[in-house]
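Undergrad: Position one of the sequence shown corresponds to residue 152 (the working numbering), numbered consecutively onward.
By construction, these hints were calculated from the structure, which means they are not laboratory data.
Hints are supplied without guarantee of correctness; some may be wrong.
No more than 27 Å apart at the CA atoms, straight line, and that leaves these computed lysine-lysine pairs for DSS-like [stated by the list, open to error]: (1) Lys156 with Lys230; (2) Lys272 with Lys443; (3) Lys229 with Lys343.
Restraint-style ranges between C-beta atoms, simulated for each label pair [to be verified]: (4) Pro161 with Glu281: 30 to 38 Å; (5) Asp211 with Asp462: 34 to 42 Å; (6) Pro207 with Ser305: 50 to 58 Å; (7) Ala220 with Glu523: 38 to 46 Å; (8) Lys507 with Gly426: 26 to 34 Å.
Virtual Cβ for every residue (Gly too), placed ideally from N, Cα, C.
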Amino acid sequence: MATVKLKFRPSGKSDRQGTLYYQVIHQRTARQIGTNHRIYPVEWDSGRSEIISPVPLQSDERLFAIRSAVEKDMERLKKIICSLEGRGTGYTSDDVVLLYRHPNSEISLTSFMGELAVWLKSIGKTRISETYAVSLNSFMRFNGGKDVLFDEISSNMMIEYEAFLKSSGVSPNTSSFYMRNLRAAYNRAVDKGLAVQNFPFRYVYTGIGKTVKRALPLKAIRRIKEIPLHPGADFARNMFLFSFYTRGMSFVDMSYLKKTDLKNGNLVYRRRKTGQRLVIRWESCMQDIVEKYDTGDSPYLLPIIRHSGMDERKQYLNMGHFVNRHLKNIGTRLNLDIMLTMYVSRHTWASAAKVKNIPTAVISEALGHGSEMTTRIYLASLDNGIVDNANRLILREL
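Build the full structure now, drawing on both the sequences and the hints.
TA: Encoded structure:
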């Protein structure tokens, strides 16, 4: 069961008032709830964690009022914890804080998703936290920047939101992406008893449609290898090729590869998205790229995160923009029929493997997908010419 403690945060100067706050602890995770109550250090007993007074407390109106307010807050927090325990569905210290700050009748989508995003980021799920924030921002634009309570969210509202996205030129898959994130947050609120399930997403599209073709033929990869480039573009090309050589490794996984991940002729790493452990045989073409860039004392294998101790995620994102910008220019120079990005290498490898009749299950394992369904979405965007050739072979048998 969660516990609540009253804490005192002193001022930087010993003769000034400090602030009282509540600390909620559950499953070794602590969260704080600030208050407007301020007292002097001499009015705080750190051993017993309580307010004290040099005179009878009832005679000190200020301290008596603060202590009475604290007792009410503590009682309310204990009731919230008992209520969450009684549901038997599990909860976090963040849930206690959210229920304290927002009575059930006042829970809003913004406050809940904001708290949820902070929690996800605190447990290392930064990417999911960012997708929630992006989806919420999109919905808020539709709603004119106004917040909305959970009991105001209806199927009609979601239908109108979907129409707004369509009129704004948003693709069906992007619209579905926003809807799925909002639905996930809504369902979390329902699970925690913060909202009543009214199924507001039942009439809007939440599927994953066939994507536009993102794969290149192998002859295009050869053209990319052979085109003369200046150093910046050459670096982008090498990152693209390294991804292709390593079975379409994602750029984020490339960014965090360590030199120690090379073991006994294999590259061993875990996907940051799924945590799946992958082993890739180290080939000479991979070694050629690594040897081209001196990373010095850096623990990283590739020069993407270049400054240890600084914001590594920001470095990876900035380098991703740099690489994709140059790849786009390379694609334009080669008159490729799709925009060249790092993601294209992943699709290209999957499609090339499929053309070589490698089973979908093997391709899925090689890409580190959580299920074959994701792999099939990749392969659904195969070049129509490949599908037409397969059809021609079938028709010849008639």
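Undergrad: Look at each hint and say if it fits the structure.
TA: Each hint, compared with the structure:
1. Lys156 with Lys230: holds (14 Å)
2. Lys272 with Lys443: violated (35 Å)
3. Lys229 with Lys343: The given pair, whose Cα atoms are some 17 Å apart, holds under the 27 Å limit.
4. Pro161 with Glu281: 30 to 38 Å: holds (36 Å)
5. Asp211 with Asp462: 34 to 42 Å: About 48 Å separates the Cβ atoms of Asp211 and Asp462, which means 34 to 42 Å is violated.
6. Pro207 with Ser305: 50 to 58 Å: holds (56 Å)
7. Ala220 with Glu523: 38 to 46 Å: Violated, at about 58 Å.
8. Lys507 with Gly426: 26 to 34 Å: Distance hint for Lys507, Gly426 holds at roughly 28 Å.
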